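Number of protein chains: 2
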Amino acid sequence: MENTHPQHTNRQYEEELRNLRTSLLQMGGLVERQISNAIDSLVERDSELARQTIARDAEVNRMDIDIDALCIRLLALRQPAASDLRFITTGLKITTDLERIGDMAVNICERVLELNHEPVLKPYIDIPRMAALAQSMVKDSLDAFVNNDTDLAEQVIERDDEVDQLNYQIFRELLSYMAEEPRTIGRATRVLFVSKYLERIADHATNIAEMVVFMVKGKTIRHMDKDKK
Amino acid sequence: MENTHPQHTNRQYEEELRNLRTSLLQMGGLVERQISNAIDSLVERDSELARQTIARDAEVNRMDIDIDALCIRLLALRQPAASDLRFITTGLKITTDLERIGDMAVNICERVLELNHEPVLKPYIDIPRMAALAQSMVKDSLDAFVNNDTDLAEQVIERDDEVDQLNYQIFRELLSYMAEEPRTIGRATRVLFVSKYLERIADHATNIAEMVVFMVKGKTIRHMDKDKK
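If you read the sequences in order, they're chains A and B. Taking this note's numbering, I'd label the letters of the first sequence as residues 1 to 229. Taking this note's numbering, I'd label the letters of the second sequence as residues 1 to 229.
Calculated directly from the structure, the hints in this document are not laboratory data. Just so it is clear, the structure is predicted and the values come from calculations on it, not from any experiment. No residue lacks a Cβ here, since even glycine has one placed at the ideal position from N, Cα and C. Hints are supplied without guarantee of correctness; some may be wrong.
[Said to hold, decoys possible] Once the Cα atoms are required to be at most 27 Å apart in a straight line, the calculated DSSO-like pairs of lysine-lysine come out as: (1) B:K196 / A:K122; (2) B:K93 / B:K196; (3) A:K217 / B:K93; (4) B:K93 / A:K93; (5) B:K217 / A:K196; (6) A:K196 / B:K196; (7) B:K93 / A:K139; (8) B:K122 / A:K93.
[Claimed, not checked] Away from chain B, derived, C-beta distances all over 10 Å, residues of chain A: (9) Q26; (10) I127; (11) G186.
The following block holds chain A by itself, in its conformation from the complex (with noise of 0.2 Å):
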């Protein structure tokens, strides 16, 4: 079938190809620009920032349906055999992922507008961290999914442990700032909130690279770690 394409044919098919891989490095730096922000109103207190940046999540779903939109168009018009193939139905879960991850970024500003309601809590310190190691997590899985870089998305997974800690350590620290001073109930448990979004972040990156893994690989890598639990 491929070959009976003319020749301009397979150029455009190799345009849309490359169009589809740029979309998706889109959506992430926009989703990753979103993480950034509402951690700046979180840190900085600025209801504004984070009201903006819960507008701008609609800019994420409509690149969402684009894009799904474009490998729908791929599947039904190129009909890509092989190597094509897993990496239009894996960009066609890796939206999902990325949308999702916009969402927590609404969530993380609505507990800000909430918070900036009441006095400061503590300044916040793990919790930045946490952000720009989830961050890292999302740039990098997709990094590794336009290149497919099976060591890169390898690290990503790794990485994840590292969130899980940071969000625990959140949590213990939380639950004994709450014991002490029953009154910071409230705010403790939204900043609770913040981390638990922030490690679902984490999580959904870490799923995009054990979808490289295994669009790359074609072995079930995924799941593996969790099974060995």
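Given chain A, work out where chain B should sit, using these hints.
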């Protein structure tokens, strides 16, 4: 293209599509049982059931991989067009949601094992209600998928508000509980997480329902509600 298939190949193709439908329903059924077992293990403080449920997650993960492989095979060998293509690409995304719902059941069980090290906090009333609601949403979203039933899908999307409300109610209650009895903070926080996991299960079901509406109507119903907020 489609008309060049000999008759028996078309029958095989129909068979494979039916197979995909059945497999997704089976995976959905397994995931529903995982939710109800997780909640039973919580309510009855049954650590053995919690451990069994955690172990059974390997089966959910295997089904995820198998169904993905089936979808990719169908795309590669059958080059489906129009509505079949939409059905298969939606199936690819749905398995991811089902797999993550399975993860949420595991997370609930992990909290149950921790909670069972300590005395009982209080009888659970709203949590089982929330679980039943989330479970019905998972079931109905899949039924909507296999029957192209957008009415049912829209009902699922509406039910998500009920779950969010229950989650908020549980959040308020546990917060005042912690404030009155600071030594319950550790346990109350874990119950709070269980409530969050159930909320996420309902979110996944809502995502599936939104994809069904999108698949059938081919319009960007997805994200509309969110963007209105």
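Identify every previously stated hint that the structure contradicts and give their numbers, smallest first. Those not satisfied are hints 5, 8, 11.
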